[in-house]
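This is what each chain is made of:
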Amino acid sequence: MSDSTTTQLPKDLAAEKGMINVQIDGHWIQVPRGTRMIEACKIAEKEVPHYCYHPKLSSPGNCRMCLVQMGMPARPAPGEEPTYGDDGYQEIGWMPRPVIACANTVGENMGIRTTGDLVEKCREGVMEFLLINHPLDCPICDQAGECQLQEFSVEHGKGESRFKEDKVKKPKNVKIGPRIRLDDERCIMCSRCIRFMDEVADDPVLGFSERGTHTTVGIYPGRELTNNYGLNTVDICPVGALTSNDFRFQMRTWFLKETDSIDTNCGTGANITIWTRGNKIFRITPRQNDEVNSCWIPDSHRLSYTCPTDDDRLTACLIKADGVHEESCWENALDAAADALKQYDTNEIAVIASARQTNEELFMMRTLASELGSDELAIVARAQTPDEMLVSSDQNPNTTGAKLILDDKNPAEKMDAICESIRSGQIKAIVVASEDLTEAAQLTSEDLDNLELIVSLNTSASATAQASDIVFPGASSTEKRGSMINVAGRLQKLNAACIPPGDARVDWEAIRDLINALSDEPSNDTPQSIDQLSEIITKSFDVLNDYTLSKIPNSGVTVIETGVSIPLIDRETARKATGEIVG
Amino acid sequence: MSKISYLSGKEPDSCEHRMIFKNIDREGWDPSIACYLKDGGYEQLRKALKMNPADITNEVKISGLRGRGGAGFPTGVKWGFIPPNNTKPVYLICNCDESEPGTFKDRYIVHQDPHQLIEGMLISALAIGAHTAYIYMREEFPEAAILMEKAIEEAREKNFLGSDILGSGFDLEIFIHRGAAAYICGEETGLIESLEGKRPYPRIKPPYFPAALGLYMAPTIVNNVESICHVKHIIEMGGAEYAKLGTPRNTGTRILCVSGDVKKPGYYEVEVGKITMGELLNDVCGGPLDGRSFKACIPGGSSAKILRCDETFKIGNGENQKELGFYDIPMDFDTMAACGSMAGSGGVIVMDDSRKMSWVLNNINHFYAHESCGQCTPCREGSMWMRKISDRIVDGKATPEDIQTLEDVAYQIDGRTVCAFGEAASWPVEAMISKFRDELEAETSEDNEYLSPEAKRQLKNIS
Amino acid sequence: MKTQTTFPAFAISSEIEDAANTRIAQYPNDQKRSAVLPLLHIVQHKFGFINREATEWVAQKLELEPMQVHEVVSFYPGFREHAPGKYHFRVCRTLSCAMAGSAELMDRICELTGIDRSNSDSHHNPIAVSPCGLWSVEFAECLASCGTGPVCLVNDDFHEDVAPEKAENLIGQYNN
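So the protein lines, in turn, are chains D, X and Z. Okay, so the first sequence: first residue is 3 according to our numbering, each after it adds one. Okay, so the second sequence: first residue is 786 according to our numbering, each after it adds one. Okay, so the third sequence: first residue is 9 according to our numbering, each after it adds one.
If we strip away everything but chain D, and leave its shape as in the complex, we get (with noise of 0.2 angstroms):
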């Protein structure tokens, strides 16, 4: 052993750590050992082109654009030992052929070259093959302004084709699937796709037909691409071959503005992006979040939602007179349903609160419910078959908010028990939010009838609304801000990326206002902000913390441990673990 005088290598200071040194663009850094190389070029911040390669996927290495320039130090001739520079790192020998950056790992004391000749020269090429076949479809191709060949050939591309001869013709326009649609000749066979199916999805259906230029991708013949997860390789898909039917041709995606949200379709609570124009909604794509949904979200929840511009939206406050229903004004409405709810005793009145609201709104239906002096307050419960993946065996999306908010570890327990009570004429009264009792509720039209008063709060004219006295119009998922918590204990925010139609109002307003109505002398302490809301309830319960709206993280806190996991993340955090994907 050598004596030590001399300070430690880098070598030897990275190992202590797991860490490896790595030369990229002339400035040294450490990596974890194991980095894959395009990765280590992420953490320096040196964008490596790439189309196949994605971190949640095997890597192929087969469409060559992120080859790099990699050098390592030449090996010392037997006997000898290595030479360090002044700077403790060995001399880097450049390799003259490129190598891929996404398979490989790094080593110590590598380089890596991101730019230069060679590397210029390697995009350059990679990009001309990729146009050679390619169609002139841009102007009429949904991915426009999104797509991965347009960026990197004005990146990275000639500028100019000397391709004369003519393009390798396929199917266009292929109806591969109910949601789907292919054009095989804009696709550059990166094969993530086909990868996606198989290791994602597990369903093997997609794959190539023929080979060498002819190479098509697609389903077998005569069969559908249906996987609840089909719409995800549209995502991924980095030119326009795999499109969505729900967007095709809508709106051109430098239009969209982008409003981070949460999908409230089940109890995942997958994070999603919602893309608007104006008050309209275009499409929904998930967002990466790798505690709960990784990059993906299943099509049902994708293609589930309500838009401020649907037509059965329910747009101004009603109240029923001789059985129909009239147009009223917040503060009337609001008025007659006070006036109306008084006269009831506290053991006449039933609040039903939902497992779709967020915490925010739970909370202001507790203050109701207390207001009112109920002590029948209770959710609806939704359960259904899950999927194993990322569809939750909760359909609720926030059941783990509701059970924290309402200070109740079963609050779709006493639902049983209001509906009996309904049926027997023992609750005469009822004040119902985001709920159609008729649906998850099993309560019928004739038992609804057997109410004297119904109040509800509601997105849409659904038979509980028909059915109700005074209807306040509310509103959905996408339009409003708040917090849930998923199945897995995650505290999550939503956005609003619209705003309600008409005189529809976000939910907790209408309650509180509601709640204003109901007593005599409005109390000082209410909230006149969803920021002054959301300072009220983080100090109410001890496990929100300080995560006031403002400041839960965009990719959500885990708050409380439910034990529950999300099987696909489960299986994600496997494959990692073997090294197969990235992570």
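Check each hint, because a few of them may be wrong.
Listed next, the in silico DSS-like pairs over lysine-lysine satisfying Cα-Cα at most 25 angstroms (straight line) [claimed, not checked]:
#1 D:Lys-169 - X:Lys-1241
#2 X:Lys-1241 - D:Lys-174
#3 D:Lys-171 - X:Lys-1241
#4 X:Lys-1048 - Z:Lys-174
#5 Z:Lys-54 - X:Lys-935
#6 Z:Lys-174 - X:Lys-795
#7 X:Lys-1245 - D:Lys-160
#8 D:Lys-416 - D:Lys-430
#9 Z:Lys-69 - X:Lys-983
#10 X:Lys-873 - D:Lys-578
#11 X:Lys-935 - Z:Lys-40
#12 D:Lys-169 - X:Lys-1245
#13 D:Lys-171 - X:Lys-1182
#14 D:Lys-169 - X:Lys-832
#15 X:Lys-983 - Z:Lys-40
#16 D:Lys-578 - X:Lys-990
#17 D:Lys-160 - D:Lys-171
#18 X:Lys-990 - D:Lys-44
#19 X:Lys-943 - X:Lys-832
These aren't lab readings, by the way, just hints derived from the structure by calculation.
Let chain D serve as the given structure and place chains X and Z on it in line with the hints.
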């Protein structure tokens, strides 16, 4: 009703050193095990069973045997790449997908001397610790597939295969796996993917070096038919003795396959490097056809860079530099590489002065465009692009600029692909343009402005 | 074109099942997919080509998605998705055989059998069948017998030194 006869009546040429091909066209020979045993067959198996597996590998290393499939990689070194602490099953695969244009040697081994291959596989399996072996046989050898399975059965009956071979405790099963007419299955990782039942897309290396992550992600050694046969002879004579054959670093014998414009095309087994190109083409193969003269030669299968017969090559450095005329090139690995080509699979294709090089190049380009698996961008798009350009050259519809484009495209593929097919497709173009540019350009004209309908539209829109 | 009746219609017999099971047993238990090629060969040998039904049978037998089998069938020139004639000629088109006259040999074979190759291409459907259904042709790539070119395969029979003038003789060996 096949025309493969077991007795073509062809006598070996005097320059030949018949070892692997000792029994090909041999008087009185047949492919049965009885015949093989009478000739001393499976004695080397008995010998190897008594050896330490590491010693078998050592003999092969000492012998200097280099792969005969085309890459010329030292076989013993390849065997040594299996991870030392491996616990997964080890597989031996015999690559009988002989598809390199110009090559026709493995055909004769599997059609006429199957037991030599089986014995070689047994010894190789012993060395690497494999208990399951596959012979990947190209689909276009249907007779050989049947014959080989028969030979395997014969060997099994004699307990040369199966469990507890000759009481040694060693097990080995050999299975035939027929391909389906794809050149890319000759690439070892493409072969492995094909064996696994998938599209034969070659794997990226790193990390999928077959010796570590091969068939079913277990250590796998893929060797050419001829290479495996050499192993038997190495054990017979010992590695050191074998290394005396041929020339230093280019040891042993190899089978050269000569086709094209020569009087006597055919297979010739020679000591590596002990015969020159001139001796081969003029003496052994009878020289050019009457009234013709040699023009060009592809020395190692169509992937090898073409050589001009009137060329001289400067090889070596500094003081050791010397000039070598085409006819003086010894048929070995190193010199051929130094001359800017490769010994490859030994497929020597000869063209005389009646051949148009544009036609030759176009024929080769068609082959690679057809055989490209399509996995990676440069080869998939580039190989067809090169074919389309050379189509136009042959049709008289190309401009001089097209030649430059053709060359650029080749260099844009070379070195950028998943597997060596990229080089195989681009080298013929690079070499042909380098050596015969004038001739190619003479077939072009500035006036041949060809544009496809899309290209016309594109130009109109931009300009 | 006359309907092809040379080959029996696709139907699985116990004989085929047995052959298939033998092949499947050649590979480790958890690697049934490896048997795709052998099973497809069994099917093609008996039924002349591989249709949808056959693809689906192979998929079901090996517990694969039909697409995974279709991927393989459509990749390899050695697997036919269309019925050939009773006698299928595969003429080598690669360099050495081309130099020896394989293109002329192909022309001669087509002439003698009445086959029109003008509509066949090398990737989608490379096979051209005669009107009578007895003959079919396609070009193959290097058949590894370059020294004796032109060479060709007729079904499983290999023929060397088939100069264009010998085409008639070659066809004559199969005329029934």
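Hints, one by one, checked against the model:
{"no.": "1", "hint": "D:Lys-169 - X:Lys-1241", "result": "holds (12 angstroms)"}
{"no.": "2", "hint": "X:Lys-1241 - D:Lys-174", "result": "holds (22 angstroms)"}
{"no.": "3", "hint": "D:Lys-171 - X:Lys-1241", "result": "holds (17 angstroms)"}
{"no.": "4", "hint": "X:Lys-1048 - Z:Lys-174", "result": "holds (20 angstroms)"}
{"no.": "5", "hint": "Z:Lys-54 - X:Lys-935", "result": "holds (21 angstroms)"}
{"no.": "6", "hint": "Z:Lys-174 - X:Lys-795", "result": "holds (22 angstroms)"}
{"no.": "7", "hint": "X:Lys-1245 - D:Lys-160", "result": "holds (18 angstroms)"}
{"no.": "8", "hint": "D:Lys-416 - D:Lys-430", "result": "holds (16 angstroms)"}
{"no.": "9", "hint": "Z:Lys-69 - X:Lys-983", "result": "holds (16 angstroms)"}
{"no.": "10", "hint": "X:Lys-873 - D:Lys-578", "result": "holds (22 angstroms)"}
{"no.": "11", "hint": "X:Lys-935 - Z:Lys-40", "result": "holds (24 angstroms)"}
{"no.": "12", "hint": "D:Lys-169 - X:Lys-1245", "result": "holds (17 angstroms)"}
{"no.": "13", "hint": "D:Lys-171 - X:Lys-1182", "result": "holds (22 angstroms)"}
{"no.": "14", "hint": "D:Lys-169 - X:Lys-832", "result": "violated (60 angstroms)"}
{"no.": "15", "hint": "X:Lys-983 - Z:Lys-40", "result": "holds (11 angstroms)"}
{"no.": "16", "hint": "D:Lys-578 - X:Lys-990", "result": "holds (21 angstroms)"}
{"no.": "17", "hint": "D:Lys-160 - D:Lys-171", "result": "holds (24 angstroms)"}
{"no.": "18", "hint": "X:Lys-990 - D:Lys-44", "result": "holds (23 angstroms)"}
{"no.": "19", "hint": "X:Lys-943 - X:Lys-832", "result": "holds (16 angstroms)"}
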